[in-house]
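Asks: Listed here are the chains, written in short residue letters.
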Amino acid sequence: MSRSGSTVGKVVSVSEVEEIAVPEQIGWDALTKILVAYLKAGGEKEKVSGQAVQQISNVSQGNISVNNKFFVSLGLLEGETGQYKLTETGAKYTKALDWGRIDEAKTVLAQTIKDKPLVKRTLSYVDLNKPVTKDDLVAKIATIAGVTKESRFSTGIRGFVDMLSTSGLLHEDSEGRITISKKDIAEQDLLTDKRTVATTATESSKRTSIAFPVTFTINVDQGTDVAKVKAVVRAIREALSEV
Amino acid sequence: MSGNPADIIQRLQTDRGEQFEGAVIDAFNYLGFDASLTRTQEAESDGTAEALLAESPYFVVIECCAVDQGNEVGYEKIGQIRGNFPAYLDERRQRIFKTGYKLLVGKPAFSSNARARADPDVCLIQATSLIKMIDFHSKYHFSQDELELVMSVAGELTEEHLRNIVNIYQRRISIYALVCLSLIMGHAIESENRRRPFIPAEQVVGQVLGYSEMLQIDNVQDYEIRECIRDMSSPILKIIDSRDDSVRLTSVSLKTITANLGEMGKEFFSKLEDYSNRLRARL
Numbered sequence: 010m011s012r013s014g015s016t017v018g019k020v021v022s023v024s025e026v027e028e029i030a031v032p033e034q035i036g037w038d039a040l041t042k043i044l045v046a047y048l049k050a051g052g053e054k055e056k057v058s059g060q061a062v063q064q065i066s067n068v069s070q071g072n073i074s075v076n077n078k079f080f081v082s083l084g085l086l087e088g089e090t091g092q093y094k095l096t097e098t099g100a101k102y103t104k105a106l107d108w109g110r111i112d113e114a115k116t117v118l119a120q121t122i123k124d125k126p127l128v129k130r131t132l133s134y135v136d137l138n139k140p141v142t143k144d145d146l147v148a149k150i151a152t153i154a155g156v157t158k159e160s161r162f163s164t165g166i167r168g169f170v171d172m173l174s175t176s177g178l179l180h181e182d183s184e185g186r187i188t189i190s191k192k193d194i195a196e197q198d199l200l201t202d203k204r205t206v207a208t209t210a211t212e213s214s215k216r217t218s219i220a221f222p223v224t225f226t227i228n229v230d231q232g233t234d235v236a237k238v239k240a241v242v243r244a245i246r247e248a249l250s251e252v
Numbered sequence: 052m053s054g055n056p057a058d059i060i061q062r063l064q065t066d067r068g069e070q071f072e073g074a075v076i077d078a079f080n081y082l083g084f085d086a087s088l089t090r091t092q093e094a095e096s097d098g099t100a101e102a103l104l105a106e107s108p109y110f111v112v113i114e115c116c117a118v119d120q121g122n123e124v125g126y127e128k129i130g131q132i133r134g135n136f137p138a139y140l141d142e143r144r145q146r147i148f149k150t151g152y153k154l155l156v157g158k159p160a161f162s163s164n165a166r167a168r169a170d171p172d173v174c175l176i177q178a179t180s181l182i183k184m185i186d187f188h189s190k191y192h193f194s195q196d197e198l199e200l201v202m203s204v205a206g207e208l209t210e211e212h213l214r215n216i217v218n219i220y221q222r223r224i225s226i227y228a229l230v231c232l233s234l235i236m237g238h239a240i241e242s243e244n245r246r247r248p249f250i251p252a253e254q255v256v257g258q259v260l261g262y263s264e265m266l267q268i269d270n271v272q273d274y275e276i277r278e279c280i281r282d283m284s285s286p287i288l289k290i291i292d293s294r295d296d297s298v299r300l301t302s303v304s305l306k307t308i309t310a311n312l313g314e315m316g317k318e319f320f321s322k323l324e325d326y327s328n329r330l331r332a333r334l
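First to last, the protein sequences are chains A and B.
All letters in the first sequence, in the order written, are residues 10 to 252 by the working numbering.
All letters in the second sequence, in the order written, are residues 52 to 334 by the working numbering.
A hint or two may mislead.
[To be verified] Derived coverage of chain B by chain A (criterion: at least 3 residues anywhere in the stretch with Cβ under 8 angstroms from a Cβ of chain A; other residues may be distant):
{"#": "1", "region": "137 to 146"}
{"#": "2", "region": "149 to 155"}
[Unchecked claim] With a straight-line Cα cutoff of 35 angstroms, these simulated DSBU-like cross-link-like pairs (lysine-lysine) come out:
{"#": "3", "chain 1": "A", "residue 1": "K139", "chain 2": "B", "residue 2": "K149"}
{"#": "4", "chain 1": "A", "residue 1": "K78", "chain 2": "A", "residue 2": "K101"}
{"#": "5", "chain 1": "A", "residue 1": "K115", "chain 2": "A", "residue 2": "K139"}
{"#": "6", "chain 1": "A", "residue 1": "K104", "chain 2": "A", "residue 2": "K149"}
{"#": "7", "chain 1": "A", "residue 1": "K104", "chain 2": "B", "residue 2": "K190"}
{"#": "8", "chain 1": "A", "residue 1": "K54", "chain 2": "A", "residue 2": "K139"}
{"#": "9", "chain 1": "B", "residue 1": "K289", "chain 2": "A", "residue 2": "K125"}
{"#": "10", "chain 1": "A", "residue 1": "K56", "chain 2": "A", "residue 2": "K129"}
{"#": "11", "chain 1": "A", "residue 1": "K123", "chain 2": "A", "residue 2": "K54"}
{"#": "12", "chain 1": "A", "residue 1": "K56", "chain 2": "A", "residue 2": "K139"}
{"#": "13", "chain 1": "A", "residue 1": "K115", "chain 2": "A", "residue 2": "K149"}
{"#": "14", "chain 1": "A", "residue 1": "K239", "chain 2": "A", "residue 2": "K143"}
{"#": "15", "chain 1": "B", "residue 1": "K306", "chain 2": "A", "residue 2": "K115"}
{"#": "16", "chain 1": "A", "residue 1": "K94", "chain 2": "B", "residue 2": "K149"}
{"#": "17", "chain 1": "A", "residue 1": "K104", "chain 2": "A", "residue 2": "K49"}
{"#": "18", "chain 1": "A", "residue 1": "K78", "chain 2": "B", "residue 2": "K149"}
{"#": "19", "chain 1": "B", "residue 1": "K149", "chain 2": "A", "residue 2": "K149"}
{"#": "20", "chain 1": "A", "residue 1": "K123", "chain 2": "B", "residue 2": "K306"}
{"#": "21", "chain 1": "A", "residue 1": "K104", "chain 2": "A", "residue 2": "K94"}
{"#": "22", "chain 1": "B", "residue 1": "K183", "chain 2": "A", "residue 2": "K143"}
{"#": "23", "chain 1": "A", "residue 1": "K56", "chain 2": "A", "residue 2": "K78"}
{"#": "24", "chain 1": "A", "residue 1": "K78", "chain 2": "A", "residue 2": "K54"}
{"#": "25", "chain 1": "B", "residue 1": "K317", "chain 2": "B", "residue 2": "K190"}
{"#": "26", "chain 1": "A", "residue 1": "K101", "chain 2": "A", "residue 2": "K56"}
{"#": "27", "chain 1": "B", "residue 1": "K149", "chain 2": "A", "residue 2": "K56"}
{"#": "28", "chain 1": "B", "residue 1": "K183", "chain 2": "A", "residue 2": "K104"}
{"#": "29", "chain 1": "A", "residue 1": "K115", "chain 2": "A", "residue 2": "K78"}
{"#": "30", "chain 1": "A", "residue 1": "K115", "chain 2": "A", "residue 2": "K54"}
{"#": "31", "chain 1": "A", "residue 1": "K125", "chain 2": "A", "residue 2": "K49"}
{"#": "32", "chain 1": "B", "residue 1": "K306", "chain 2": "B", "residue 2": "K149"}
{"#": "33", "chain 1": "B", "residue 1": "K306", "chain 2": "B", "residue 2": "K322"}
{"#": "34", "chain 1": "B", "residue 1": "K289", "chain 2": "A", "residue 2": "K49"}
{"#": "35", "chain 1": "A", "residue 1": "K129", "chain 2": "B", "residue 2": "K317"}
{"#": "36", "chain 1": "A", "residue 1": "K101", "chain 2": "B", "residue 2": "K322"}
{"#": "37", "chain 1": "B", "residue 1": "K149", "chain 2": "A", "residue 2": "K54"}
I should point out that these hints are in silico values taken from the structure, not numbers from a laboratory.
Glycine is no exception: its CB is placed at the ideal position from the N, C-alpha and C atoms.
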């Protein structure tokens, strides 16, 4: 895979570059087949060869081989060139899929990958620029990963975007606009709210040490004299400013 | 391909090979699934059925096998469907569905080995059980959520599994009949279409509880009766009018309503007559 380590507008550490890998040549359907084939070939317990995975998945050995690094970067596989096994969460995810518990599988996948560098940076890009199109996002991810615009990468990256959508981390509407999922937005809003509450509390404690809660209710109907109401409000304001 | 249940049942009984597969897929379409044949290559099963209207959408990968009378469907088919299943976990299905099930429909019977190895993730349905499902569905119109109780069976589907779903309907129909009786008691069923005053729902609930005890219908609960009253005043059943927690029979004759409900209506009317006779004999 051709890539450079400083293509994303900020300095990327060597370890982070190492952890960023994108799929190549194949989409999410074939990537799923590879992962489940690892399970069926016994990859939950021991390292298995690409050949064993190829026989079960019907995906070519070359395509399995170039995508193992991607699965390792997401914490789904572990091992070195030629021999890989499923991680604990990789096994949990593929077992849930193989048993047809798709919802459970999605949750496991989202939990496993959400903090991986490529996923985090993709989600934060979408959050800042939402909504984005798939083409824009694919180009951005290629930049983050430092890969060229060759079709083998764009096919793989499209698969990666599909992976984020199926895991529920991204949401793609019927017109192809991509946003981060509502659940994620809710989590972020919650964080923002907590931050706002914390900031407001700190600022208000700096301004004053005592606060008087004062509430006035003025009932207004057709017969109300607006000029008198204004006068009353003005008088209250003046009185309070003297406290 | 046909949507006529009698024709589907006949084909399930007599067809073999691809014709049998077609009959199974037609049966699933009749049951309300979006089902189609999918086999285009070796590593694929015969069909899929999708339940998009279920509360938690699910899909079913279907393998079919019809062998000669006296023979049995072997365990090899279980391995086949397990092997084929991942091919159906495409991006669309992973996005839309919450659950996927593996189903083997076979006839005339499954081997003991196949039954033993189906657990924990393959459901086995004999063609005769599928025929029963069609019959029950003609009467009760199962929802996709109710049918999920069948698809999620690990191992062979038994009469008891089907009874569990059917019992829900039969119990409801019994309570419908008791609610009707409480609104028409003292009058002949045939004259029930005359307008009567509204009766507080509370009073109807009390009467139904009393009747169910007299008729020895097990453990009928207050909330079940209220649910049934709600059903009966829905625009679909339209058996009773409700207003301010009071109810009365609609002006539409019970015979017309039951005729509109088809097979389920017949069961309702026959229960109504039976309960009416038994109660009159006791009161």
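Asks: Can you confirm whether the C-alpha distance between A:K123 and B:K306 stays at or below 35 angstroms?
Replies: Not satisfied, since the Cα-Cα distance of roughly 61 angstroms exceeds 35 angstroms.
Asks: Would you check the hint for A:K104 and A:K49, treating anything up to 35 angstroms between C-alpha atoms as holding?
Replies: 9 angstroms, holds
Asks: Hint check: A:K115 vs A:K139, CA-CA at most 35 angstroms. Holds or violated?
Replies: 23 angstroms, holds
Asks: Is it true that the CA of A:K125 sits at most 35 angstroms from the CA of A:K49?
Replies: 26 angstroms, holds
Asks: If you draw a straight line from the CA of B:K149 to the CA of A:K54, is it 35 angstroms or shorter?
Replies: With a Cα-Cα distance of about 27 angstroms, the restraint between B:K149 and A:K54 holds, given a limit of 35 angstroms.
Asks: Decide if the proposed pair is consistent with the structure: A:K139 and B:K149, CA atoms, cutoff 35 angstroms inclusive.
Replies: The hint holds at about 27 angstroms.
Asks: Can the restraint linking A:K101 and B:K322 be considered satisfied, given a maximum Cα separation of 35 angstroms?
Replies: Cα-Cα ~51 angstroms, so violated.
Asks: Given the hint that A:K78 pairs with B:K149, does the C-alpha gap stay at or below 35 angstroms?
Replies: Given that 35 angstroms is the threshold and the Cα spacing comes to 29 angstroms, the pair holds.
Asks: Keeping to a limit of 35 angstroms between CA atoms, is the pair of A:K78 and A:K101 held or broken?
Replies: OK: A:K78 and A:K101 at ~19 angstroms, within 35 angstroms.
Asks: Mind checking the alpha carbons of A:K78 and A:K54 for me, to see if they're no more than 35 angstroms apart?
Replies: 19 angstroms, holds
Asks: Between B:K317 and B:K190, is the straight-line Cα distance small enough, at 35 angstroms or below?
Replies: With Cα atoms ~9 angstroms apart, B:K317 and B:K190 stay inside 35 angstroms; holds.
Asks: Decide if the proposed pair is consistent with the structure: A:K129 and B:K317, CA atoms, cutoff 35 angstroms inclusive.
Replies: The hint is violated at about 61 angstroms.
When held up to the earlier numbered hints, the structure conflicts with 7, 8, 9, 12, 14, 15, 20, 22, 32, 34, 35 and 36 and fits the remainder.
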